[in-house]
Every structure is written in C-alpha cells, then in structure tokens.
Amino acid sequence: MSTYLQNLQNGLFELFSNNSRVILLGEDVLDPYGGAFKVTAGLSTQFPNRVLTTPISEAGITGVAIGLALRGYIPIVEIMFGDFLTLCADQIINHATKFPNMYRDVTCPLIMRSPMGGGRGYGPTHSQSLEKMFLGIPELKLIAPSHYHQPGQTIQHIATQEINPVIFIEHKLLYRETLQLNSEALPLILKTDETGYQTAILRNYDVGIPDVCLIGYGGISRFLPELLKKLAAEEIRIIALLPESIDPVPIEMLAHFAAEAGRIVIAEESTEGFTWASGIASQLYENLWGKLHCPIKMVTSARCAIPTAIQQEADVLISSLNIENAILEVISWA
Amino acid sequence: MNADLEMLYEKMVLIRLFEETLLKLFSLGHLRGTVHTCIGQEACAVGIVSALDSKRDTLCSNHRGHGHFLAFTDNTDGLLKEILGLKSGICGGKGGSQHLHVNNFYSNGILGGMVPIATGIALSQKLAEENGISVVFVGDGAMSEGVIYESLNMAALWKLPLLLVIEHNQIAQSTPWNLEHGSAIEGRPVAFGIPTETIDGNDVQTIYAATKKTVDDMRKNAHSRCLLLKTYRLGPHSKGDDYRSTTEISSHQMNDPLKRAETVLPEKVVMGIKTLCQTRINQMLESFSLI
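Taken in order, these protein sequences are the chains called R and A.
Numbering-wise, the first sequence is residues 204 to 537 according to this note's numbering.
Numbering-wise, the second sequence is residues 2 to 292 according to this note's numbering.
There could be a bad hint or two in this list.
To be verified - Covered by chain A, per the in silico footprint, the following chain R stretches (three or more residues, Cβ under 8 Å):
1) 257-267
2) 274-282
3) 285-299
4) 303-311
Everything labelled a hint here was simulated from the structure, so no lab data went into it.
Idealized CB from N, CA, C, for every residue including glycine.
Here chain R stands alone, though its shape is the one from the complex (with noise of 0.2 Å):
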C-alpha cells in the first residue's frame, strides 16, 4: 500500500506522461531536492522542460501559470507553504476566477497545489490552514484529499476534466501516511458525490443505525482509525463523511447521511469563527430543520497563532480529544 505522498507522485508522473499541456511552476521543485515535500521527485529528471524552477515570487508565478492557462496551457503551481497563498489571492481573485465569468469563450484551468497545516511545529506563519479565506468565491474550487482518498487520481481528474481554478490542498501530516482503502477495521465507502469528486464514508459498526455523523476533510482524516475504534468499543457508533471536494461541498449527500444520526459533529483545523464547518452546519439546519436531535457542533483549532513550541502548538490545534470530546457532548443530549 502506497502512502499519501508516493500517490500524488505516481499521478503527477502519470499526469505527465499522458498530457503533455501540463506543466508544473513552484519554487525549488527540480531534482535532486524535488520540492520542499518532496511532491514533485524525480518529475523534473522525467520531464525536463515542463517543471519550472521558479524564483521566490507566489503572486507573480500565479499569474505567470494563468497567463498559460489562458493560452491552453494546464499550469499546475505548487506554492511551498499554504500560508503564501496569501500571496497569490490577487492574481487567484481578482484575476484567474474572474476571466472565465466576464470573458466570452475563455477558460483557465489552473491548479494550485499546497500544503496546509500544523503538527510539525514550523511556528505561526507555517502550519496554517488558510483554505477557509478562500471558500465561497466564483469559479473557485477547492480540493483536499483525506488518506481515505487517492491523490494521484484526483489530481489526474482535475487535470483532464476542470476547465477554471481549483486549490488543491494537502495536509502537511497525511504525506507520510499510508492510504487506508481497504481496512478490514474500518470499512471504507467511496461514493462519488453530487461535485462529481468522491465522498469517503466511514462506519464503525455492522448494523443499526449511527448515533453520530461526524463531517471532516483533508488532514481530519489522520485521527479517525485510532478514535473510531475507540468508540466502538464504547458502543458509539459513528459515520464518518469525508468529502475531497470542500467548495463546492456535496451537502446532499451529508445530509443525507447526516439525517440517520440526527446529531452532527464538523471537524477541521482551520482557527475557530467564520469557518469551513459553518458554512456546512447553516446550509445543514436549513435541509434537517426538524430531524436533528441536538444542535450542531463544531470543532476547530483555537483562534490564535499557532505556536513553534510542541506543548503549546498541541494546545492550539485541533486534536483527536476534541473531536472525541464534541461526540459524547452531542450524544449527552437527550
């Protein structure tokens, strides 16, 4: 079984070798280094002339990769960091979303690939998970794979099938993990949803129905074999969704598995307010007005900085205890 980051890998080179449109733009991206996480290997060896090195300019390689984009180009541009995305908004918002809703005829497909997230203690400007800054704009999606998911195949069908932008996001931690498609413990469903990306279910139990839903993506998925387990053995049962496409979400489908629970935990690391999870839980209340049995709850990392210290950065975070905490408090509810 191959690990999250080897997945990716094996789709960017089989990305490459069957569409020679593609071309990749990042900093420090060529061999032998192959990117600050190693993502791009051994693809510049393979590919000599369609992986740029670029200099250390977020803003002006977006525009750069838009640019090809807009000539029939699919440009996929890794920025090494996803806090530099802040770096790129402009060209993202104000440029690469905007020309296929006010040109005629134009399409721009352009990838932006990144890791998000903490845990390694890289300190506040580093281990952050800014995709919410990004959620909700016109002709902006947004992708990010769980360990449930196989990257390589996403990103090969973002490549062949979206014509406008799409973020695509890796949590930092998920790289080294293995991908769980077949665990015995943990049976697995991937369903593809109403975003045409696919949907990870996940249930701790044979039979019955779930006392709790609990919605995640991307990096969430690391906690969930070890705490779905645990709660089996204390007889909570729990359906786990992890969609990979964040915006737009697949809220049919979630709500529709979140109606057999009728209690609903959403988990994600992005710092607390005007979150992710927010926006599914409003769009929630209004399909399950009535059938739910308590009110939502939602999980999220701590609004600060994230800290370098390792004691002080697993304060802040979003952990495995919260998650767990914010079940047993929706079943406390009569």
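Assemble the complex: chain R is given as a structure, and chain A must be docked to it using the hints.
Relative to the frame of chain R, chain A by itself:
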C-alpha cells in the same frame, strides 16, 4: 512616411472622438459605473499597436485601455455596446470599460496585475515557437506595484518575448508622479537586464518606428524589452475628477499628439480624416439611437 502617418493619425482621431463621445454619453446619463479615457495618450496606443501582428502577438491592457483595444481590433461598435452594458457587447456587458477580451486582447482593472499574466503568455509564445510577442501596457502609477518586478525578473531570467510598455502620463489618478516614485522609472527594467528605450510618447511616428524595430529584434532574438513613453493625460482620471490647474493642462495642449501630427499632415488630409471619423462615430451613435 506620410502614408504611415495618415494611417496612424486616422486611428488616433477615431480614438479621441470615441473617448470624447463616452464623456458626453456619461454626462447625459447613458453610461454607468466609470470610464477612464486616454485623451492625450492616443499616440501611445496607436504607435505601439500598429506595429504588432494581431494574429500572433497578444496584448494585455489596463483600466485605461479603450485606445489599446480600438487600435488592436478597430471594433468601435463592440466596445460601445460593452460599455453601454448590452448583452451584445464583446463581454456581454459583464466587463464594461475595464474588462475586455477578444481574440488576443485581454484587459483587467487591477493595476500591474496583468504583467505576470502577460509574462505567462510570453512563456506560452516561447514554447509555441511561433515568434509571437506578448505586449503589456502599464502606467507610471502602476509601476509601484510589486508583482511587476517579480514578473520582470522572470521575463529576463527565462528570456521571454515580453514587451513592457510604460505610458508615463505623469499622474496617477490625482497624484503627480514625483510624489510616488523615489527613482526614475526607466532605470528599473534596466536593473533586471531588460533594455529600455525612452521615447516621446506624443510623437506617433517615432513610437511606431521604435516599436517596429523593437518587435523585429525580439522576433529574431527572444528576450524582453521595455519602451517608456513620456506623455501627458490631457483628460480627467475618469469622468470629471481633475484637480490640476488649467494652466498646467493648457501648457500641454500644444503637445497634444493629434496636433503634433496635424503640423506635418496637409490640412486637406486632416480635414478629410476628421470628417471620416466623425461620420463613423455619428453612424454608430445613430444605430444605438443615441443621437
């Protein structure tokens, strides 16, 4: 040489009349939002664009882009419809004055923001090996935007066929250039290794000749270049928002690029071209029942 000048002058007159018409339509309440006219800078648009090959060269423009657009496409109807907000406008009325696209022409309303995109287009042209050139227009005001310098570095590093055209009209909205820049603008592309030529931006023939020479050279020998055109914005920033003294503006009237051409062309030719262009504008307005 005069045949060239007649052709260039006609394009300038058409742009001038188009822009004056927009300001009139605005005051009559036919237009909404905003327009940024290029009155006084017609030679920049016409001199540069007339030297390009619209089939293989691309043009990225800015908020003050009607002149660039008309010089590139000659599509007065499509532009007016767009600015009027009609579905039949070139962008269906979504773009309005600042967000235009047909074929190889792209404009957007974020200052400096099109420079990296033009750099990416230049990269696509280099990869396509068709000797196309990517041209991008900016004003002196935009030259304080950081992303331009990121782009110039990449364009020079990768030897891309990017032609940066700076229309130095000496004012950024309401602020004179000397309150915005700590050093001469023309030195900056040079610092990136990009040869830069400073030209009289109100002399259409000189601009045209310099552009032809530059473009020919770029097709033979792919690398980035910059032309800095010293000009003056005779009109307001947008509609009526002008706080410059009339003394200052009128001191530049003699240097109006149209008047400069008129001193060289025979009076009969000038009158003929003016009548021709005015008739074209009137016919356009009649077709929209605007006069």
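How the hints compare with the structure:
Given a C-beta distance limit of less than 8 Å, the hint that chain A covers the segment 257-267 of chain R holds, as 9 residues qualify and 3 suffice. Closer than 8 Å: that is the beta-carbon criterion, and the segment 274-282 of chain R has 4 residues meeting it against chain A, so the requirement of 3 holds. Coverage of the segment 285-299 of chain R by chain A holds in this model, with 4 residues showing a Cβ closer than 8 Å to a Cβ of that chain against a need of three. Coverage of the segment 303-311 of chain R by chain A holds in this model, with 5 residues showing a Cβ closer than 8 Å to a Cβ of that chain against a need of three.
Checked against the numbered hints above, the structure violates none of them.
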